[in-house]
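Top line first, the protein sequences correspond to chains A and B.
When the letters of the first sequence are read in order and numbered with this note's numbering, they come out as residues 1 to 350.
When the letters of the second sequence are read in order and numbered with this note's numbering, they come out as residues 1 to 378.
A couple of the hints might just be wrong.
As the list claims (entries may be wrong) - To give an idea of the chain B side of the interface with chain A (calculated C-beta under 7 Å), a few residues:
| id | residue |
| --- | --- |
| 1 | G44 |
| 2 | G183 |
| 3 | S282 |
| 4 | A362 |
| 5 | A366 |
Claimed, not checked - Simulated DEER-style distance windows between Cβ atoms:
| id | chain 1 | residue 1 | chain 2 | residue 2 | range |
| --- | --- | --- | --- | --- | --- |
| 6 | B | Y131 | A | A118 | 45 to 53 Å |
| 7 | B | P308 | A | G290 | 34 to 42 Å |
| 8 | B | E347 | A | R103 | 52 to 60 Å |
| 9 | A | Q348 | B | E42 | 55 to 63 Å |
| 10 | B | P129 | A | T316 | 37 to 45 Å |
| 11 | B | P308 | A | Q348 | 48 to 56 Å |
| 12 | A | P104 | B | D350 | 53 to 61 Å |
Just so you know, the hints here were simulated from the structure itself, not pulled from any lab data.
Even for Gly, the Cβ is constructed at its ideal location relative to N, Cα and C.
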Amino acid sequence: MTDPLPPLPGHGGTGDPVLQVRDLVKHFPVMSKGVVRRRIGDVHAVCGVSFDLYENETLGLVGESGSGKTTVSRTLLNLETATSGSVHYRGRLLTDLSRRQMRPLRRELQIVFQDPYASLDPRISVHEIVAEPLRIHGRYGPGAADEVRELLRLVGLNPEHGNRFAHEFSGGQRQRIGIARALALRPKVIVLDEPVSALDVSIQAGVLNLLMDLQSELGLSFLFVAHDLSVMRHVAGRVAVMYLGRLVEIAPARQLFARPAHPYTQALVSAIPLPDPRKERARKRITVQGDVPSPVRPPSGCRFRTRCPKFANQLTDSERTACVEQVPDLVDRGGGNPVACHYAESVQLL
Amino acid sequence: MTDPGNGNGKGKGKGIDRVVAKGEESGAVLEVDDLRVEFPTEDGTVRAVRGVGYRLERGEALGIVGESGSGKSVTALAVMGLLPGSARVRGSVRFEGTELLGMSDARLSDVRGSGIAMVFQDPMTSLNPVYTIGYQIAETLLRHNPGLGRRPARARAVELLGTVGIPSPERRVDSYPHELSGGMRQRVVIAIAIANDPDVIIADEPTTALDVTVQAQILEALETARAETGAALVLITHDLGVVAGHTDRVAVMYAGRIVETGSVEDIFYTPRMPYTLGLLGSLPRLDHEEDRLTPITGSPPSLLNLPPGCPFAPRCPMRREPCDSTEPALRPVGSDAHRSACHFADELVDTAAGEVFDAVGADTEALARFADLEDDAR
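Start from the sequences and build out the full structure, keeping to the hints where you can.
Structure, rendered in structure tokens:
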């Protein structure tokens, strides 16, 4: 096993990094229509994303649709081949591995998908769904049936129901089955791709509690991908914010929500409605205009500038030149955490 | 104003005057009484709505919250007369005093749009993909004002697109729905909804399909649209945050009934129904840190064969006699406006969610065993 890379400075996080992502790029080709299909462009889904996931932590990756957060999580596990850049797991380079070479590592790197309806095989029993990873990795020996029952109990399901099929369970229970399956091989890292966004709030809370217990008691590392900032704040120790394929800010959750420094983070925090009528009506807001631009032709320089309230209202023409011409690096600009904005400035919004 | 057709004449007035004029009128614009909706299926009768009643004052905003399957959308569709023919609808829905249930489809079409307008969740399915958005807005205008003429209708369409915040509306008016983003499409749907100056807008999860930054824009557009028309709003959503910021009163639905109703302050600060309390305790908050969430265990009941008693009882930590035998009525708690359907609503005075619900997580014994095995494996 090779030595791990040096951790990224200023990103926070303690202990040893388990997953190290450096300058990760993933482009998808856009093909022309017709009989002869030619490549006419690229969807710039992920463009130079770097972060470390530490042992025993939950790192949140938050962004709106099209921000590339799901592509990051899939490329990370080699479910998509990276266009360039690297992912190291405990010092071992993953991005070069073939599917076969990757297989033994899948034991340690698991994923829970968003849609609990699509991610479980409808034709086999729940017991078989949870046992499948054990069989694939040749670990379904004597006692494995008990292990599966124990896994079901662990995630809050009745082990007597193992012979039932996925469709007999509610959405929340199905997501628990998905979690049991991910835990079966005793992984070190679990990527959770929007694990609760399909669930009603009263059900969602139970799954969140379960995940937090599993993370802290078993010392797992979670990459928690979600669009819901309130959920993020609750589960994540550190949060990375993505916009149009790039990380724009990364900070400990408490700091990120108390004093966001990137105008996009500020807009996101402002846009979340608070379930408190008095606060909600009295709060200060930073709103953005328009929609996310196409990732096929992302804006030059800072990708957020086309919607940035600071760019539109506060900057002088000469200041704007930097936004248009230079891609802002994700570095500490005096606020204590890395921010990818030439004119970052912490604002208290809550 | 018993004939909804009369509503057309006011379409030409300007926003501000109308708001004042409407403020002077009093009384309910929409009254729903003991609404019941049943769907016969092969497995039996699904009782989707089981006696819902509310009263919407002029210009007021009522939020209806509930989780999937609580009957909130079916209630709205029943009010609009948009349920399939197989649905059995009983009770009463009165718009400005006129009974809508049982009204012929032709007459109902006069009310829809000019009296009550609806904004659906998915703007792609509520817009017609083969016509320009300008054409679709004009069509709505001409349906209720046949004498308006194509050209003025188009001019009004441009004006409406501007109102809901579509940039360069004179250019966008000739766009097709697929050329617009989800947020822009939803603005078009709102423009169509306010085109004939309705008295009531029913918005069913209008921002659920959208990203949060766009959601904030759409809610703002909806507020602008309401200010322009003075319309009352029924906002149906599962998002308690959206309700907190945009409505005056709230009705919480569970298993086809309203289980608690009151002012937004009543519902958010002094809930008196365990389900409402549980919902609030389940919410992760952006504005403060909570140690643990307190989920509601179990899942909502099937509306196919609902047992007697309180439908929330199987999930309720306060359950005892007579919860399993008698379904509680919605009765006043504290003020007359604040009502709760719980036998033990009085016990919830000054009670936090954590005092009633457990912060259930992983099974601790199973977790300990699993962690031990983990250590052995190393």
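Minimum beta-carbon distance criterion (7 Å), A366(B) to chain A: Holds, about 4 Å.
Hint validity - A362(B) Cβ closer than 7 Å to any chain A Cβ: Result: holds, 4 Å to nearest chain A Cβ.
Cβ separation of P129(B) and T316(A), checked against the hinted range 37 to 45 Å: Cβ of P129(B) to Cβ of T316(A): about 44 Å, so the range 37 to 45 Å holds.
Hint status (Cβ of S282(B) to nearest Cβ of chain A, threshold 7 Å): Holds - the Cβ of S282(B) comes within 7 Å of chain A, reaching about 4 Å at its closest.
Can you tell me whether the CB distance of P308(B) to G290(A) sits inside 34 to 42 Å? For G290(A) against P308(B), whose Cβ atoms are near 53 Å apart, the range 34 to 42 Å is violated.
Is 52 to 60 Å right for how far apart the beta carbons of E347(B) and R103(A) are? Holds, at about 57 Å.
May I ask you to test the hint 53 to 61 Å on the CB atoms belonging to P104(A) and D350(B)? Roughly 57 Å apart at Cβ, these two residues keep to the hinted range, so it holds.
State, for the Cβ atoms of P308(B) and Q348(A), whether the hinted interval 48 to 56 Å holds or is violated. About 52 Å separates the Cβ atoms of P308(B) and Q348(A), which means 48 to 56 Å holds.
Verify the interface restraint on G44(B): the C-beta must sit less than 7 Å from at least one C-beta of chain A. 18 Å, violated
Supplied distance hint 55 to 63 Å, evaluated on CB atoms of Q348(A) and E42(B): Given a distance of about 58 Å, which is inside 55 to 63 Å, the answer is holds.
G183(B) as an interface hint toward chain A, with CB separation required under 7 Å: 6 Å, holds
Look at the Cβ atoms of Y131(B) and A118(A) and judge whether their distance stays inside 45 to 53 Å. 34 Å, violated
Violated hints, listed in ascending order, are 1, 6, 7; each of the other numbered hints is respected by the structure.
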